[in-house]
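J.: Now for the letters of each chain:
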Amino acid sequence: MTSLEAPPRLLVGNLGRPRTLVEHEQLFGPMTSPGDLLAMLDSSGLRGRGGAGFPTGKKVALIAGERHRHKYVVVNAMEGEPAAHKDRTLLSMNPHLVLDGAEALAHLVGAHEIAVCVARESSKAIDHVERAINERARRGRHHVNVELHTPPGRYIAGEESALVHWLDDNETLPQYRPARPTILRIGRGPVLVDNAETHANVALIARRGPQWFRNLGTLEHPGTNMVSITGGVDRPVVTEVALGTPIRDILAIAGVTQTPRALLLGGYGGTWIDGRHVDTPYDNESLAPIGASVGAGVIVVLPAHSCGIAETSNIARWMANESARQCGPCAFGLPAMASNLADLTSGRGRGTSVIELRERASVIAGRGACRHPDGVIRMVQSALTVFGDDLAEHAKGRPCAMAAHSRFVSVPRLEREDELVWE
Amino acid sequence: MRRRPDAIALRVDPIACDGYGHCAELAPELVTLDEWGYPIIAETRFPPHRGSIAHSARLAVRGCPRQALWLERVAQ
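From first to last, the protein sequence lines stand for chains R and H.
358 is the number that the working numbering gives to position 358 of the first sequence; each next residue is one higher, with no gaps.
29 is the number that the working numbering gives to position 29 of the second sequence; each next residue is one higher, with no gaps.
By construction, these hints were calculated from the structure, which means they are not laboratory data.
For clarity, every value in this text was computed on a predicted model and none was experimentally measured.
Note that CB positions come from ideal geometry on N, CA and C, so glycine has one too.
A hint or two may mislead.
Residues from chain R shown here face chain H by an in silico Cβ test under 8 Å; the list is partial [claimed, not checked]:
#1 Q326
#2 C327
#3 G328
#4 V363
#5 A365
#6 R367
#7 A369
Could you build all of it, start to finish, from the sequences and the hints given here?
T.: Right, dumping it as structure tokens:
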């Protein structure tokens with residue numbers, strides 16, 4: 001429990017409203033231009049907080065090394081994941097921390113434009129960002145131009161290449177990048193895209209140094225991570241924990257005291273893990289052996305009285321609908337998998353549905369332009385393992401009693417269901 | 001003298017591809033179609049200038065109505 005007692009770093013001092021620029025500087029101190037921020041980021045071991053967990057220092061170095069007059073820094077606060085609320089929470093408390101980080105990175109890579117991207121549906125977060133940007137503009141240190149952008153908040157709109165596509169050409173569609181890592185571009189100008197929480201961490205590392213950053217977290221995955229806990233909990237919360245904290249202790253914050261049936265980690269394209277792994281430390285190295293990762297900091301709790309197949313089916317159906325429908329394997333494959341799962345949930349499906357589902361998963365994997373289908377496949381495949389017992393019963397036409405009304409994973413209402421491409 | 005690439009492989013841009021399926025006809029050694037008619041391309045690497053595979057691969061690239069296929073140089 002010691003790590004939990006450590007004070008939060010990003011979600012510090014809740015005023016019930018966003019901190020003003022003056023209050024912000026009183027609390028965190030003024031932002032001084034640090035010496036060698038790139039070296040500091042490298043030795044801090046900071047990894048992106050948006051899901052992929054790529055080392056931030058490496059990514060920044062890639063863009064800094066590009067020779068171009070027009071470079072861009074993008075703050076990704078789209079948060080299209082229905083179970084994630086961390087970026088909005090951060091912006092509702094310390095928006096200037098995010099903007100500090102973005103300005104420091106812009107200075108580092110030589111960018112003159114910062115685009116802060118918030119989904120157009122998140123009206124409160126938009127207000128907070130607008131107010132913060134105006135406050136800084138009145139302060140009048142204009143070496144960088146900060147602009148708010150509000151793309152439509154579809155799930156896929158937050159995917160980095162789709163977001164850059166929007167900024168470049170007003171389309172929230174992912175781009176095909178055969179070679180990785182690829183440098184995304186607006187016009188011909190290189191773009192550095194980082195999650196809002198990553199930017200906030202950069203602001204703190206710039207102030208307090210890499211050694212301070214490593215005081216919390218693990219050697220391989222240092223620092224803190226914001227976690228959104230939803231599902232079968234008494235109170236859904238967004239909290240900040242030191243990486244490496246046992247999952248059980250994190251769940252306790254949301255009032256979960258009993259061992260859950262299962263947990264969905266990372267996001268809706270994440271991994272189901274069995275409830276008995278609840279003592280696993282919450283960091284990427286510890287989660288890797290059970291096939292999971294911290295991802296975007298999403299934890300969905302599935303209590304004992306629930307049906308994992310029904311929940312998985314529900315998520316898969318929604319994720320299929322969220323496909324950008326650019327690539328055949330994703331546009332046709334995901335609805336086909338969702339329909340297999342729907343059959344299994346209701347008891348109409350048989351063993352052939354399971355075989356078909358597994359085959360489709362392996363056929364679709366890796367064949368989209370972005371990682372959307374791969375995420376869904378990972379989620380479904382982990383469900384087939386974790387809920388293996390249930391699955392066997394469902395496949396014999398005996399769906400569990402909970403299947404009909406088990407709805408712990410919240411999924412937005414499908415707005416375009418009639419357009420779903422079923423097989 | 002410029003060195004020739006060791007090997008090439010057939011690749012598809014999944015956004016450009018509309019599932020016409022011509023590639024599976026033109027290069028059956030390399031391409032099969034999934035149940036929705038989209039190509040599954042074998043990871044086969046082949047020498048660029050000899051052999052029937054290279055010939056079929058070039059036909060597939062030229063024959064794609066969406067120009068979604070290309071040949072990529074890869075290390076052997």
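J.: Let me know if the C-beta of R/A369 comes in closer than 8 Å to any C-beta of chain H, holds or violated.
T.: holds, 5 Å
J.: Holds or violated: is the Cβ of R/R367 closer than 8 Å to a Cβ in chain H?
T.: For R/R367, the interface hint holds, since the closest Cβ of chain H sits about 6 Å away, which is under 8 Å.
J.: Regarding the hint that R/Q326 lies at the interface with chain H, is the smallest CB-CB distance below 8 Å?
T.: holds, 5 Å
J.: Please verify that hint: R/V363, Cβ, nearest Cβ of chain H, below 8 Å or not.
T.: With Cβ-Cβ at 5 Å, under 8 Å, it holds.
J.: Does R/A365 meet its interface restraint, that is, does its C-beta lie within less than 8 Å of any C-beta in chain H?
T.: Violated, about 11 Å.
J.: Given R/C327 as an interface hint, is the shortest Cβ-Cβ distance to chain H below 8 Å?
T.: holds, 4 Å
J.: Next item in the hint list is R/G328. Is there a CB on chain H closer than 8 Å to its CB?
T.: holds, 4 Å
Hint compliance for this structure: hint 5 is the single one not met.
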